[in-house]
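These are the residues of each chain, in order.
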Amino acid sequence: MVEIIFIAPFVTGAIAFFIPKEAGRPLLVLTGIAHLLLSLFLWIFQPEPLFPGYFAVTPEGLLSLIVISLLFFLISIYTTGYLDVADIRSENIFIGSMLLFLSTMTMVTLSDHIMVLWIAIEATTLASTPLIYTHRSQKSLEATWKYVLVCSVGIAMALLGSVLITLAMDVGNVDAPLSFSGLTGVAKDLDPVWLKAAFVFILVGYGTKMGLTPMHTWLPDAHSEAPSPASALLSGVLLNCAYLGIFKTHKVMYAAGLGDFSSTILMVFGLMSILAAATFILRQTEYKRLLAYSSIENMGIIAFGTGIGGLGVYGAILCLIHHSLIKSSLFLTSGNILLGYGSHLIEDTGSLIRRMPRTFVAFFGGFVGISGFPPFGIFLGEFFIITAAFRAGHYVWAGIFILTLCVVFAGFANHAMRISFGGAGETAQMEEKPAMFWPQYALLLTSLLLCFWIPDSLYQMIFNAVSAVGGGF
Amino acid sequence: MIHPLDTVLSLVLLSVLFSFGSSRLPGLIKVLAFQGVVISVAPLFIGHDLSAGGVVLTLATLMIRGIIIPLCIYLAIKKVAIRREVEPIIGFHASVLAGLILIVAATFVSRKFNVPSVSGISGSTLILPTAITLLVGGMFLLMARRNAIAMVLGYIMMENGIYLVGTTFSVRAHHIVEFGILLDVLAGVMIMAVILQNIKKTFDDVDTARLRTLKE
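If you read the sequences in order, they're chains A and B.
Every letter in the first sequence is one number past the one before it in my numbering, and letter 319, counting from 1, is 319.
Every letter in the second sequence is one number past the one before it in my numbering, and letter 104, counting from 1, is 104.
Worth flagging that the hints you see were computed from the coordinates, not collected in a lab.
Remember, it's a predicted structure, so these values are computed and weren't measured experimentally.
Heads up, a few of these hints could be off.
Said to hold, decoys possible - With a straight-line cut-off of 27 Å between C-alpha atoms, the simulated DSS-like cross-links for lysine-lysine are:
1. A:Lys196 to B:Lys112
2. B:Lys112 to A:Lys188
3. A:Lys139 to B:Lys200
4. B:Lys201 to B:Lys30
5. B:Lys201 to A:Lys139
6. B:Lys78 to B:Lys112
7. A:Lys139 to B:Lys112
Build the full structure now, drawing on both the sequences and the hints.
Next comes the structure, spelled out in structure tokens:
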């Protein structure tokens, strides 16, 4: 009965469209709690799915699932506070889409059949579109249009890649179920030429959704125009879902003995993303776009680490988990800043430490975490990736990687200092309600806790996931 | 002897050329509807064993690709921007010439691929060239037209190309999965149609040159 975990939010999401406003918010939080409990149940017992050909409980899927659950629960609490203050006209559509979005993302983490994974990832695009258009402004309309068109066309590439995998099976005379777990065992018999082509198309397709340069163009617009809880979901979990698709295909490539091919491509795209993000972060004028480009940078780091292999994959998964926790907290915080100052521009903000002290703590904590200061997990992840790069003898790659990280850090720090301490920012304050800063604190504390103490089951889960692509110590 | 499938696919190739040359939106939508119909009946000419599920799926594809999707877009523009030019970035004559070059290049390239030998399509030489033409042609419409509706039609053309590869070469995917893909595409086009209406309402036009405020 694994499937109930994505059917339940689907049902409550459909209900949310039709019930009165007051009932929507409790429904959101209740679904969040139920989803978290179900995820924990799955994590502990790992039951068999009802349709084994289509769905499977895998280590990498469980990792993403538990992150999604925790994030959604905390974001739903924030949303109850946010909806009181923010001006959102169609609350029913907003809450319903949030729940449908949760349902489709959960389906991604459990998909095993190659086509079902594609269906689920395309469904995440469709479910999240109304979220981006919530504000109904010209800018949000443009962002929504870009999001739907760029992602749909990109994901069509991934569908072509998935079809090419079936060609690789036909040419190689492989008779196995068309699922990732089924293919890993027989990967050596697949036709290498078609399989390589399939990987390239799937990387371009899901890479569009993940925000890898040069397919990232939708990401900053969508993240900056969506309401903050939606931005937090997009950045914290949607990008992970797309990464999951690439990771699973990389696993098949590795099993087929083509790991070098896919690793090199992942490293090139990863490094390109970090470089592009660095240039845009330096001269960014809006803080939500700044966070969005930082997401592109982190996705680049994750792709790069996965490509490096060995310890690097372990580092990449660490980055993935910590990026989700920290970046979604930062996006929630950016919602407070937007409500407090009423502007997207960095130059209109300032003196956050005096105007909104509690929001400041969340913002500055998030900044310290995301830019890779030593106690936080991103630092550990990046450190592992750099070590792995040196071990594998990629000195030039590692050099460029470290240099770009320094540039990103300098750019980000400059803007963060401006927001926190600089300028006057004499605009009206917002009342800081508990529901609007405790979720961020919880996310940051979870991330901090995971730096010092990783539960044994979590460690085992990460280790099982990365060992399939040659990761580990 | 010409394989019956090739006769059908040559119609698809023609429809690509027509779509490159058409300057008015209603005409373009009709060409795409025709293309959708031909693409969805193409599997019937292969001679895979047809199960009841296969027939139902073909009919559903025909309904959705040939009728519902074009109708959806037609209704979206009917109220707002009918009889509008497609606002080309690359002119129509140049586009048709590009289409011809594309077909020749696709035929040339597809000889180099090692395709699986599925029974029923062994005599057909046009499958891969047509698929490549549809994919690249859809891309071309996306990039060479500023009109938002023409861009959606380009996306549909790409989807047609992928569907052709998926149904002719491989018989692996289960019907339920194929149906899921079809529903996703349908929902995507419907959402695009809704956004198109909103773009028209907000900007009083569907020219994407006006959607240029978000940068960097």
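We went through each hint and held it up to the structure:
With a C-alpha separation of about 15 Å, the suggested pair A:Lys196 and B:Lys112 falls inside the 27 Å cut-off, and the hint holds. Between the alpha carbons of B:Lys112 and A:Lys188 the distance comes to roughly 23 Å, so the proposed pair stays at or under 27 Å and holds. As the CA atoms of A:Lys139 and B:Lys200 are separated by approximately 14 Å, the hinted pair is consistent with the 27 Å bound. For the proposed pair B:Lys201 and B:Lys30, the alpha carbon gap of about 24 Å is at most 27 Å, so the pair holds.
A distance of roughly 14 Å separates the Cα atoms of B:Lys201 and A:Lys139; the hinted pair therefore holds under the 27 Å criterion. With a C-alpha separation of about 45 Å, the suggested pairing of B:Lys78 with B:Lys112 is violated against the 27 Å cut-off. For a cut-off of 27 Å, the pair hint linking A:Lys139 to B:Lys112 is broken: about 46 Å separates their Cα positions.
The structure fails hints 6, 7 (numbered hints given earlier, in ascending order).
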